[in-house]
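J.: Listed here are the chains, written in short residue letters.
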Amino acid sequence: MNTLLMLLIGLFFAYALYMASINTKHFRQPIDFLNANQELPPWVFLFTTTGIIISSLGLYDHLLLSAHFGLQFNHVGMGLLILAGVTILFMKRLWLVSRISGLKTAGDILAGYYSSETIRIYVFVLLVLFAIPFAGKSLFAIGILFEVTTAGVVDRHLATWGMAFFLFLYSCIGGWRAVVFIGTAQTIILLALLMFFGVYSFAEFGNMPAIMSAITATTDATQTRDILYDRIPGVIQFTNGLGKEISSGGVWTTAGIFSYGLALTGIVLSPAFCLLSISARNTRGFAFQPVWMSGGLAAGLLLLLSPLLGLELARLNFFAAPSTSTGDLYFSLIQKIADFDQVMGVLFVFMLLVSLQIAVSFFATAGANIFSLEIFARFIHPGAPDLVLKKCARVGLFVIFFIMALLASSAPLSLMMLGDLALSLSAQLIPAFLGLCWLSWISRQGVLVGLILGLIFVVFTEPIGIVPFGNLFVELPWGRWPWTIHSAGWGLAVNLLSCLLVSSFTKKRDNREHRNRLHTQFSRACTNLDPRPNLRTALWSLTLLWVFFALGPGAILGNDLFALPILSDQAVDVGMPSIWVWQVVFWIVGVIILWWMVHQLGIRIGHGSRYGQVALIENHTLMRQGTIPKWIRLFLERFTTR
Amino acid sequence: MQPTLLRKEVLERHALVLSFWLGFGLVGLALIKLGFSLGDPASILFGFALLIVGFVAHILINRIYSTNFTQNEIALGLFLYCLSLLVFVFSSIVDTGLDRSRFIAGTAGFLLIFVSVVFFMVTRFGLRKAFKFFDIIRKF
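Quick mapping for you: the protein sequence lines, in order, are chains F and G. Residue numbering for the first sequence follows the numbering used here, beginning at 11 and increasing consecutively. Residue numbering for the second sequence follows the numbering used here, beginning at 1013 and increasing consecutively.
Hints listed in this document are in silico derivations from the structure and should not be mistaken for laboratory results. It is possible that part of the hints are untrue.
[To be verified] Using 27 Å as the maximum straight-line C-alpha spacing, the simulated DSSO-like pairs for lysine-lysine come out as follows:
no., chain 1, residue 1, chain 2, residue 2
1, F, Lys401, F, Lys35
2, G, Lys1020, F, Lys400
3, F, Lys35, F, Lys400
4, F, Lys640, F, Lys400
5, F, Lys401, G, Lys1141
6, G, Lys1020, F, Lys35
7, G, Lys1045, F, Lys346
8, F, Lys640, F, Lys401
Everything numeric in this text was worked out from a predicted model, so none of it was measured.
Next comes chain F alone, as it looks inside the complex (with noise of 0.2 Å):
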């Protein structure tokens, strides 16, 4: 099985190499390398965006997750429908802000709208905790899953430094370009194989009433752990968080799984995916993505098939060795399939591999290419030729995965706890986006206050914050996710409430006229394919009901609606978990309201559409350029004029 995996591989980097140099060869100018020129064909983001989601989800500890806690975990793919509902908000009026302005990275859109060096340095900070630690995370795992596979014959060292290197290989020679393009083979891939994977563990079950049996077998199992496998364990629970107390039938409540979708829109706010958003060609695609492959597709394929793959995980640990290690999890899983067939094993293993190389190469490239085109265009050699840039973006990219391999080798820890903050702190970015997309009396000074209040609360909330703090000083009372809210939800509670209260209070001493030039350029821009008012209250009453239903209080209700109805005193058969049934039903019913969002909103921007030019940066002084610095312009002369 080594042997087929490696030829594998092989021939993938072979494939990948190819796309590298011809890319290259076809697309001369330097501007290609760093981001497509905005150029990217529209089924770009229809693919590509769909595979990052799933491989920032970590489709790797997704299915661990889903083998301890079962369905009550499953209810986070629900989450991934939020996702869907901020990408059809924010992308495509961001792509249209950045034709309009003609910048070309969110943070340079952001900070001019904002005139905030402050929100470009966030996002500059989020953009090194994806391209390092967040990314970092998927590299580590892909050092166990080889370490694992191979029985110690790879080494976890050795398969991390390997792959580092041939994911920055091809990075490196193909650019941005190359990598989504790969990305896009990766992503039809992951689907082709996880739909295959999903249907070979149903048939490995036979049917629902086995499957049934295995789960009500699993749930008797964990109730000796304390977790309600078939059923979510409350609306929220009062306890002082992970590592202070320990909540009872698991952590994931309705609060966790709300709030956990609220952090996975930071998937979405990243640096990184708004690059990807605006260095495409034109918004087609951009109501399709969200609406049949984020939300039907990537949200479908996960609550259907990942129970199922779950409780194969499971069955080894519950009947096999209660006392199993996860890494040994996945081997033994591996082993199985293997023994069925070995090309089969090899595919499980390689459709891993294509989830977790994903997140690598995307958000590495992705920070070496911003790195160059906002901070070393703008602050370290303003006016450096596009040449000039690509050689940056290519030694920022050595500079990433390098610091990547090191800490996924020696240090992974460090990578887990700061990778945690990444999604967390990109969701605190929803205030801005809806002050720059929306809603224009968003203040300057009610964002700023957000944010800050946001990442204190996720900081605290997070063992990054919480375990130093309480060994300098004193040890709080709390732990990770105090009362089952993921600490995007603490954040984003802050954040919001303080965004607007300050917001009300700033809102006329904001010097706004350039965004209230750029909100009329959104009017003329945008169609409204509707203009009744009512329609837009339905539409919006509805998706509140829905995500009370769906992901909030309302989604108790699922754990008997379906096995004991209401007002009827015997119990039903359906042939599947109570909750699983709520999760399906209202999985489509969000699809369908997400596709009346799409066409409601108004925020389809025709073809012809014609819009002017709106100046965010040059007005202000402070965002002006400045002059290179005496020492660093003789430092690059040496490399730049030989």
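With chain F's structure known, arrange chain G on it following the hints.
T.: Same frame as chain F, but now just chain G:
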């Protein structure tokens, strides 16, 4: 006459075609291999069905880019089809363990691919022109 694609569109089309074939081809071939190993005709047929889905996806991509299959793609497709057909025929003769159900499934699969391609050619080019593609003896 098909409009000439810009260089970037040629590359984009090529990348998309490769992506689809990597996905569908990998799973399709895995299913076929699984079917032959385990003696499951349904898996073999599903595998061939996936290859046909890949072919349909390729046709849709051609439609989006308003172009046809390139000479290289036709040559590669023909080569792979003939090679795999030869391997199948050879193994049917040599491998005494190949039972009837697998043989029938494999044969049905190859026929299905052939019929799909011919159907596409007839609907795309018309009966006469489709026949001319095979009527190479006139050129001698």
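J.: Which of the stated hints cannot be reconciled with the structure, identified by number in ascending sequence?
T.: 5
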